[in-house]
Amino acid sequence: MNAVLRRLGFYLVSAWASVTLDFAIPRLMPGDPAAALVARFNGEMSPEALRALRRAFGFVPGSTLTQYASYVTHVARGDLGLSIAYFPARVSDVIGTGLGWSLGLGGFALLISFTLGTVLGVVAAWRRGGRLDSLVPPALSFLGAFPYFWLAMLVLYLFGFTLRWFPLQHARAPDLLGTSAMTLVVDVARHAVLPAAAVVLATLGGWMLTMRGSMLAVLGTHAIKLATAKGLRPRRIMWAYAARNALLPSVTSLGMALGFVVSGSLLTEIVFSYPGLGYLLVQAVRNQDYPLLQGLFLMITFAVLAANFLVDLVVIWLDPRARA
Amino acid sequence: MKEPALRALLRNRKAAFGLAVIAGFAVMALLGPAVVGDPTAFVAVPHLPPSWSHPLGTTGQGQDVLAQTVAGARVTLAVGFTVGLLVTLLGALLGVTAGFLGGRADALLSALINVFLVIPGLPLAIVLAAYLPHGSWSLVVVLAFAGWAWSARVLRAQALALRGREFIQAAIVSGEDTLRVVLVELLPNMASLAASAFITSTVYAIGAEVGLEFLGLGNPGAVTWGTNLYWASNDSALLTRAWWTFVPAGTCVALVGFALTMLSYAIDEVANPRVAAARDVEPAARGEGAPAPAEDGTAATGALLSVRNLTVRYRDREQPALDGVSLAIRPGEIFGLAGESGGGKSTFADALLRLLPSSARASGQIHFGARDVLGLAPEELRAFRFREISVVMQSALDALNPVARVAEQIVDVLHAHESFTATAARARAAALLHVVGLEASVLEAFPHTLSGGARQRVALAIALALDPRLVILDEATTALDVVTQRQLLDRVAELRATLGLSVLLITHDLPLLLTRCDRVGVLHAGRLVDLAPAADLQRLARHPHTRRLFAAYEALGLAPRRAV
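Heads up: the sequence lines are chains A and B, in that order. All letters in the first sequence, in the order written, are residues 1 to 324 by this note's numbering. All letters in the second sequence, in the order written, are residues 1 to 564 by this note's numbering.
Extracted from the complex, chain A is given alone in its bound form (with noise of 0.2 Å):
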């Protein structure tokens, strides 16, 4: 219990440190967005709306300070001001359109990437020097050398545009409404193959590489030697015994590596028009939506936290000895 509180308390504080550096980035950089989104809108913004979007900015009349706690009330409440590329809607509403599909397409994706990846790398490190170990690690590590999005690109034009085989764009059909939920599923399944397969073929080596490397660091413990000497089914061994244990290493280096899987996902989005918040992303980026670009940088931030302090728990629900 008090190691999940300690994680707990060690997210709040990161937390607290992202929401800071969303405050400190517009007043630290050269210029005044503000002023100049002000400028940008007037007269074509009633004065109640410009009042809202400067005080979503924080840009209260006062000290430093009292500019700072009224925009930490302001994210506590859920309040991230009014987005600009889709004035006048609130930015936690734009943000929401967005949430569901990034979050099921990325952890969709993710959990069948490190999945497959997890077992690729059990037997590769089993059967080391072998077919599969030989031939399958450098091949998905020149895959996971280029970009999440390029990769997306690629599988984009052969099975979107040239074989036909899925959709080109968007995360379901426009003219559903009416038909059954089962086909409401299919379809938004057949719309997410693309996209999760760009992510999994950019990660997969990694989970790989990961779980074969702690595989090869179980299998040389005593712990093996004993399991072998007790003459179990080299079945048992591989997967009660050495997999078991070299999970926990590779579940850990999930936790690190999430912020990348998520920033890459992200950009798969865009190329898919994904209506995730890598695409309102990349609107907030043309559109110069600062409101809407750091509250998604809020959002992205806490979900990646939420899913770090998650891969925690299942480490230590793995692990009997974290349960300290």
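Watch out, some of these pointers could steer you wrong.
To give an idea of the chain A side of the interface with chain B (calculated C-beta under 10 Å), a few residues [what the hints assert, rightly or not]:
no., residue
1, Tyr11
2, Val13
3, Tyr86
4, Ala145
5, Phe146
6, Leu184
7, Val188
8, Ala227
9, Arg244
10, Leu248
11, Pro249
12, Thr252
13, Val262
14, Ser263
15, Val285
Calculated from the structure, these hints are not laboratory results. No residue lacks a Cβ here, since even glycine has one placed at the ideal position from N, Cα and C.
Dock chain B against the given chain A, drawing on the hints supplied.
The following block gives chain B in isolation, referenced to the frame of chain A:
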């Protein structure tokens, strides 16, 4: 990195590949633009497929893709390597400060490092880049700020580890200036790790740079691989099927990243030779006996275990680990094997169960009853292990599976050899714990919650699970305190009496063997140099090594004369 390390690096195949590719791209970045001409010039119609005049076709604007790709190397790599360098320097500065100073400075810096590690870098970089004027220098600043934490963490851990080492401690104690200790003693020892951190950071930087530029956060006027991809995407490369506009830039990014990764693996291999060597160790060694010659009658003398002329060689060692060892163990006998570390005791134990690593070759004969151990087929071998000969290992303290409960580790050996119902197996497990003097509640425990003595008893319970005829105790009591050691060995002696068990007791502790064993053999440099009943060993000892052992123990007042 020292001279020989550098030379070893150049001999490494991964390093050679990595360096060659990087060098190729470096030449391309430096000289290429002069050869291919102005990449921004509009030279032909847009989206022209590859042809002789434009080997990689033209972009959606009608620029030459080859020229764009070659010219793109320059800024892309310059930004990537600059960020890699900056991040490594920053990481070294913060990491060494934190790791070397320790105390409050370390606590504060570590917290900062950990927070920055967990905040996703790319979204942070995007927000920063959006606020800065778009350009290459902005990218450098942004990527360094978003990516410094990883190398700081790695280098801090290394500095912390090195600070605890003797030579650094000695330098500190001798009153050397802190800065001097850091510069002269610490940093040179961190060179290979810093090189790895530099490479990994550069890979990160290039990837993130390309990503930001793809989003339109670079300088859209500059020619880089990232902006090439940005324009390819903007000019509907996919819709127009113009694959040649995005394939070259992405492939270049991947080649550079892959080459750098290979180089970093190579540095790891050269800096930590054990990483490479560890790959040779085959845990599930399929014992490689020379095909045993036909029975020569030695097995039929009533011995339970009969070893003839056993020789074990490791591929990487000149001296054999065991050199022509012959001995026999009788039913119900406690046989002691003494000798110094590295004398071949554990190799002998491993050979009996065919647990030798694949780098070892065993020849000679091992007969257990009528069975030829070196000749057993895999499935026969599996059935033989623990059913006939079981072992409590030298490091049984960490030989139990740390993530499985005790019950599971006893029950699985039962299920592997016999058909048990779940209830029967559990009852048997509880009975075994009772035999070694443990409560049934230990079944639910994880190994780390047990004391060293209790863990060793669990290991003994597992060894007894199938009523084997021979149990090997390989330095099994060495790490225990004297009282626990005696309790455990008393228990073994009782079991010998009640179950008719034979025991092979292996330890460097000669006085212990003399009090506990029927006969004692002495291994020295792989040879069995003496073998006699425990009570007569001192009198009959022929080999100088055995006599020296007795003399040494006598000098300490430890050698029990004719003790029982």
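Evaluation of the provided hints:
Contact between Tyr11 (chain A) and chain B, as hinted, is supported at the beta carbon level, the nearest pair being about 7 Å apart and thus within 10 Å. With a cut of 10 Å, the hint placing Val13 (chain A) at the interface with chain B holds, because the nearest CB-to-CB distance is about 7 Å. With a least beta-carbon distance of about 17 Å to chain B, the hint placing Tyr86 (chain A) at the interface is violated under the 10 Å criterion. Evaluation of the Ala145 (chain A) hint against chain B yields a held restraint, the C-beta minimum of about 4 Å falling below 10 Å.
Interface restraint check for Phe146 (chain A): the shortest CB-CB distance to chain B comes to about 4 Å, inside 10 Å, so the restraint holds. Proximity of Leu184 (chain A) to chain B is violated relative to the hint, the smallest CB-CB distance being about 26 Å (cut-off 10 Å). For Val188 (chain A), the shortest C-beta to C-beta distance to chain B is roughly 22 Å, which exceeds 10 Å, and the interface hint is violated. Given hint, Ala227 (chain A) at the interface with chain B, holds; its Cβ is 7 Å from that chain's nearest Cβ, closer than 10 Å.
At about 5 Å, the closest approach between the beta carbon of Arg244 (chain A) and any beta carbon in chain B falls short of 10 Å, and the interface hint on this residue holds. Interface hint status for Leu248 (chain A): upheld, as the beta-carbon distance to the closest one in chain B is roughly 8 Å, under 10 Å. With a cut of 10 Å, the hint placing Pro249 (chain A) at the interface with chain B is violated, because the nearest CB-to-CB distance is about 12 Å. Hint status for Thr252 (chain A): violated, given a least beta-carbon distance of 13 Å to chain B, over 10 Å.
Checking Val262 (chain A) against chain B by beta carbon gives a least distance of about 6 Å; that is within 10 Å, so the hint holds. Given hint, Ser263 (chain A) at the interface with chain B, holds; its Cβ is 3 Å from that chain's nearest Cβ, closer than 10 Å. Evaluation of the Val285 (chain A) hint against chain B yields a held restraint, the C-beta minimum of about 6 Å falling below 10 Å.
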